[in-house]
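Protein chains: 2
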Amino acid sequence: MSALYKRCCLLSFLLVAVSINSLSKINADEGMWLFNDLPKDYLKSKHGFEPTDEWADKLMKSCVRFNVGGSASFISSNGLVLTNHHVAFDTLSKLSNDENNYAKDGFLAKSMDSELKAPDLELNQLQKITDVTDKVNESVTADMAPADAAKARRARIDEIQTAATDESGLRSDVVTLYGGGKYHLYQYKKYTDVRLVWAPEAGIAFFGGDADNFEYPRFNLDATIFRVYEDGMPAKIEHFLKWSENGPDENELVFVAGNPGRTSRIFTTDALKHQRDTRMPYILDFIRRREVLLQQFGLGGPEKERIAKDQLFGIQNSRKAYMGMLGGLQDPSVMATAEAAEQKLLEKVKSTPELQEYASAWDKIADVQKRKAEMQGQGVLISSRMFSIAQELVQMATEDQKPSSERLREFQDSGRDSLEQQLFSSAPIYPELQQAVLADEIARMCEIRGADDELCQKILAGKNPIDRASELIMGSKLGDPEVRRKVATGGIEAIKSSDDPLIKLALIVDDKVRADRKVSEELGEIEKQAYAQISKVLFAANGTSVYPDATFTLRLAFGPVTGYEEKGKSIPAFTDIDGTFAHEEGHAGQKDFDLPETWAAARGKIPGGTKMNFVCTADIIGGNSGSPVVNKDLELVGLIFDGNIQSLIADYAYTDKQGRSVSVHSNAIREALRYVYDAETLADQLGK
Amino acid sequence: MSALYKRCCLLSFLLVAVSINSLSKINADEGMWLFNDLPKDYLKSKHGFEPTDEWADKLMKSCVRFNVGGSASFISSNGLVLTNHHVAFDTLSKLSNDENNYAKDGFLAKSMDSELKAPDLELNQLQKITDVTDKVNESVTADMAPADAAKARRARIDEIQTAATDESGLRSDVVTLYGGGKYHLYQYKKYTDVRLVWAPEAGIAFFGGDADNFEYPRFNLDATIFRVYEDGMPAKIEHFLKWSENGPDENELVFVAGNPGRTSRIFTTDALKHQRDTRMPYILDFIRRREVLLQQFGLGGPEKERIAKDQLFGIQNSRKAYMGMLGGLQDPSVMATAEAAEQKLLEKVKSTPELQEYASAWDKIADVQKRKAEMQGQGVLISSRMFSIAQELVQMATEDQKPSSERLREFQDSGRDSLEQQLFSSAPIYPELQQAVLADEIARMCEIRGADDELCQKILAGKNPIDRASELIMGSKLGDPEVRRKVATGGIEAIKSSDDPLIKLALIVDDKVRADRKVSEELGEIEKQAYAQISKVLFAANGTSVYPDATFTLRLAFGPVTGYEEKGKSIPAFTDIDGTFAHEEGHAGQKDFDLPETWAAARGKIPGGTKMNFVCTADIIGGNSGSPVVNKDLELVGLIFDGNIQSLIADYAYTDKQGRSVSVHSNAIREALRYVYDAETLADQLGK
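Taken in order, these protein sequences are the chains called F and H.
Going by my numbering, the residue at position 576 of the first sequence is 576; the numbering climbs one at a time, nothing skipped.
Going by my numbering, the residue at position 648 of the second sequence is 1336; the numbering climbs one at a time, nothing skipped.
Each hint should be verified, as a subset may be incorrect.
Straight-line alpha carbon distances no greater than 30 Å define the calculated DSSO-like cross-link-like pairs of lysine-lysine that follow [said to hold, decoys possible]: (1) F/370 - H/1200; (2) H/1060 - F/372; (3) F/348 - F/273.
Calculated directly from the structure, the hints in this document are not laboratory data.
Please model the complete structure; the sequences and the hints are all you need to start from.
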C-alpha cells in the first residue's frame, strides 16, 4: 500500500523550506512533465541527456494506465503488464472468495489457461496527444455566465471526444491542463480482457504494514503481473520495456513514466486555507469514521475481515496521507512561505500593465472557497456502492433522453463503454457490508443535517438508520449485474415503474443531487477561469517552461537514484534481501512483520545481496503507483510503489532535500519469481 | 469491557416501544432507587418482599465505589473487594510494564506480601445520606442572576461539605438530585491503600472482545479482586457480602447495588435533539479520531500496543455505546414517543393553575441548547493527561489564593485529598503516547477554530502540531510526580516563574478556559433551575414515588433472573462452562476468541455445568460495572459487567422486553479460582 494510489498526498513534519507556487521555475529535478512538452533543454544541460521524439513515443506507448487509479507498463511482447500489488488489490479482492484469498495469499498461474480474468479492469495505453485548446475555447465567449460557459465547454469537449472516437476507435479524453489554460486530447487504446498471472502474498507486498507505510528503508515486493488479451489470445505488444540486467547504479539518472493523480501546486493561499481548515478536516472525519466502521465489521470473523480489507487498505492509506498533508498546511512556516510567494506574484501583477486584468482572479477564488465552505456536508452524502449503482441507473435514464453533449459528463456517449464496464461489473457485492456502510452513511447525513431535516426524514422513512439500511439492501436486486443491465435497457420507464427500494431512494434525492451538482460545477467553472488567468500570470512571470498540475494522465518525472540524510543518519539509496530478513527479525512479534512462509523457505536460495527497494528524487504523487522506472536505454530498472514521508508535501510543492520516491528493484521481482515462487517460465518472459 | 464503565450508554435498534419521560410511574421493575427512599411498597406488592432499614444499611455499607468510574463490593471480613476486570483495567495497566503485562496476562498474589499496591485508587464506602435541600436552597434567592445563584449555591455546598468532613472525618459530597429538585449529603469512608490480589487474563475477562461487547449469551469472567488496607494491615470490614452457595435460581428476584453514572430520563425533547444532532456527533468524531490514533500508535510494536491499550479499550467501548445511543435518538419513532409524552405533560401544565409558572422551563432549556451548540468545539480542546496536569497546577495556584467556597469546585478544601491522590499519582506516564495525543489535540483545535486563529497560533508557536507537541512533552518535567508536588507546593510564584513549557502553555490558554467555564456553568445553572421546575411538574403529575436520574451515587435496582425472546429465538437466562468452550470453537480463527492456556488446561477439571453468566431485568447503566448482584438474604450471586444491546437505551428510558443486565455468576468466580487459577486459599476467603 502506498501514498501513490489514487489519492494524492503530502506529509509534512519537514523543516526543509519548500517552494510553494513554484510552478514557476524548474527547481532541481522537479516536475511531472507532459510527454508532448518534455523539458529537453533542462535534461540536456543538467544531465547531458536529450530524449528524442522516438524515445518519448516508445516510452509513452510502453506505459499503461489502470483506470481504477494507478500506473503500469508492458513488459513483454506477449502482453504482460507490471503494476503494484496494491494497485491490483481491488481486482485481487474481487477474484477472491471465502475459499481462495488471492489478495492475501498470492496467486501464480501455472499456465496461460489458468490465468484469471479480472471482472472489471480497463487498461489504457496512450497513443496520441493533440492540443485542442483553441477548439474548446471557441465555444465560450467572455460575456457568458459561468454556468453557460461550463455547459458550452462541456458540450464542445463531448463533440471533440465523440468525433475523435468515431474516427479512430480509440478512447478519447479531453484533458484540462494548467487549471484551464490548455486543453489536450488524449487518445488511448483500451484493453478490457485483463487476466491475473502472478501476485505475491500480502505479507511481502505490504511487508511492515501500516507501520512502515510512507517509511524508508523499505523491503517490499509490491508487484503484481497481469496479461492483456485480445480476441481471447494474449495481445501482441509492439512497445514494451526491456528488463534491465542489473537495475540502476547509485546516482544514475532514471525516469518515471506514470499517471500522477492530482496536484494543487497552483492553489492560492485562500484555496490552501480552505483545504486546511475546512475540506481536509471534513474528509479526515469521514475517513476515520469509515476506517472504524470497516474494522468493526471485520471483527465479525475471517470472511468479514476479508470482505472489508480492500476498502480498509485504501482508507488507512488515505488517512495517513491526508493527516500528513493537513499537518503540513497547519505548519505556520509552510503557510508563510506560500503567502510570501503569492505576495510577490501579486506585486508583479500590479506592476505589469498587461497583467492587471488578471488581478481579480485571486479574489474570485477566495469567494469560491467561501461558497464551498457553506456547501460542505450539506449535500446527499450517501457514499455506498449499492446506492451509487441505483443513482447511476436513475441518472442515466434521465440523461439518455438528452443529446450526448447536453448530458452530465459521465453519461456522454464518448465515455459510455467505460461507464458500463464498471456499472455492469460482475465483481461480487457483499450485502452485509453494504448494509453496514449504508446505515452509517444515512446516520452521517442525519448528523450533519439534523435528523429532523425533511430530506433525512424521507430517507429514514420512519426507521432508524440500521433498520432502514437493512430494508433497502435486502429489498434491492441491484447486486445482480444482469438486473442492472435490464433496468438500464428499460430506460426511464423501467426506472419510473421500478419497485426496487434503492432506485426509489435515488429518485427521492435526485433533485437535490442535481441542484448541488449544478452549483458545484458553476463554482468549478469560476475557479477554472480564475486559475487559467493565474496560469497566464505565471507564464508571463516565469516563461513557458512550466509543467501543469497533475491530471491522472501520463507524465514524465526524473532524478538520480540517491539516498539522503535524516536525523543525522545517512539513509542509503538501496536495500537488499539480507536487510529484508533482518527487518523481520528486528520487528519480531509485531503485526505485519512476518514474512510469508515461501520467503522463509527460499532464504539461502535467493542470491545474497539481491537488491529489494531503492529511492530516487523523481517528482511523483498518488496515481504514480505501479509506474515503471527506466534508464536512458528504456530498460525497466524499478517499479514505483511509495513516497517517503518527506516527499508527501508533493501535492503542494516539490522538495528533493529528503523527499524520495520509493521503488521495487527490478532484480527483486526477477529473483523472487525464480527463487521464491518457482516461476522460472514467467521470469524468462520479462522484457522479452 | 462493557457498556457499564464510566459512560452511560444506549443502543437502539429496538422496535419495542419505550417509555420516555417515564420518570413518572414505575414501569415494571424500572428504577435506580435512592437507598434512603427505596420503593418498599412496590417491592412488597409486586414481589412480596419488603426490605427493612437494616437490610438496606447492611447492603449500602457492603458496597464500594471506584472513583475512576465503577462499582464493587466487600466480599470478606479481611478487606477483599470484588469488581470487574474492566473496572480494574486502568490500575492493571498502571501496574504493568514492559516485562509484566498484568492487564493482559493476569495476576495472582501467592501471599498477602505479594499483593500489588495500586498507584492512585480511591475507594469509597457510603456511610450516611442526609437531605440538605433546604440548607442549600436558603443560599439562593429568586432575584439572583444565574451566575450569582450558581456561585451562591457552590459556596453553600462547599460550606456544608467542609463542615461535614470536619465533623466526621468522612468524605462528604453534596449530590444534586432530580436535576436540582433535591440536594443530599453523601458521606463516605475512604480507602486509598488498595492492593491487587487477583486478576484473570484479558482473554477470559474480555472473551469475544469488541465483537461480543453488548451481546448475550456471553461467557466472560470479567472479575478482579483487590484488598483494602488500613495502617499497612488488611482492613477489618464489618459489612460484607456472604457468598451464595449456588447463585440465583431462574426467575428469582435479585438486587443490584451500584453507582450508575448518569441518565437523562428527564431530558426535554429539545435537549434530546441537541444530543442527537450536535453533541453526540461531535463526541463520536472525537472518539473515532482517538481510536484511530491509538491504534496507529500501537502499530509501533508490542510495548506501544500495551501502553495504548487501556485508553483504547475505553474508547472503543464508548464508541459502540454512543453509536447505539445516537442510533436510538435518530429513530423517528423513538423521538415521536418522547414528543407525545412531553406534549401530554405540557397540557397538564397549561390546565393546572398551580403549575403554570413552570411552563417556561421547557423554553429555557431550548435556549440553553442553542447556546451550547454555538459554543461546541469553540473552547480549548486539549484533552491530554500531561496538559491536564499542567492546567490543574496552574489553576490550583490561582484558586488557592481565594477562600475555599469561592474556588472552582474541584479545588475546594472538601475535595482536596481526592484531587491530590490523582494529581500526584505515581502511575507511569509515557512521553511517546503523550506526544502523539497532544499533537493530535493541537491539530484538532486548529481544524475546528481554523489554524489562523490567534489562540491556535499562540499554541503552535510557529511550529506544526507534531513538532510543537514534541517540544512541549520533551521539554516538560511534569511526568515526574515529585516535580508536580514541588510545583504545587510553590504556589502562584512557582507557576509564574516556571519555565516548564506545558505550564507556560496552560497559562496562555487560562483566560479562555476560565471564560468558557463561566459561560458553561451559567448555562448549567439555567438548566438546573429549569429541570428542578420540571421535576416539580412530574411530582405533581405522578406522585412522589419517583427515582432521580443517575448521579454516580449508590442506587438500588432489581428484577428477576430471566431470559428473553430475540428474532424468534429463546435466549436462556444462564450460560455455563460447556458453552464457554463451545463458543471458542464456534469462533475459531477469530480475534479475541482464544481462551487463555490456563482455561484449556483446566478443561475437564472445572465441574461440567458450572454457570458462567446470567441476565436479569435490573435497571442499570454505565458506572454499574462491578456492582454486586445479591439475593434477598444479601448473599452475592453475581457481578454486573455489561448490558445487552437492547438495554442500552437506558440513558433515556427503561425497557424489560429484551433489555437485560449481564452478570458473571458467583459460581464462575469461585470455581475459576479453585480449578483454573489454583487459588484455593483465596476462594476459601470469599464471603467469610
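>> For a quick check of understanding: which of the numbered hints are violated here, in increasing order?
In response: Checked against the structure, no hint fails, so every one of them is satisfied.
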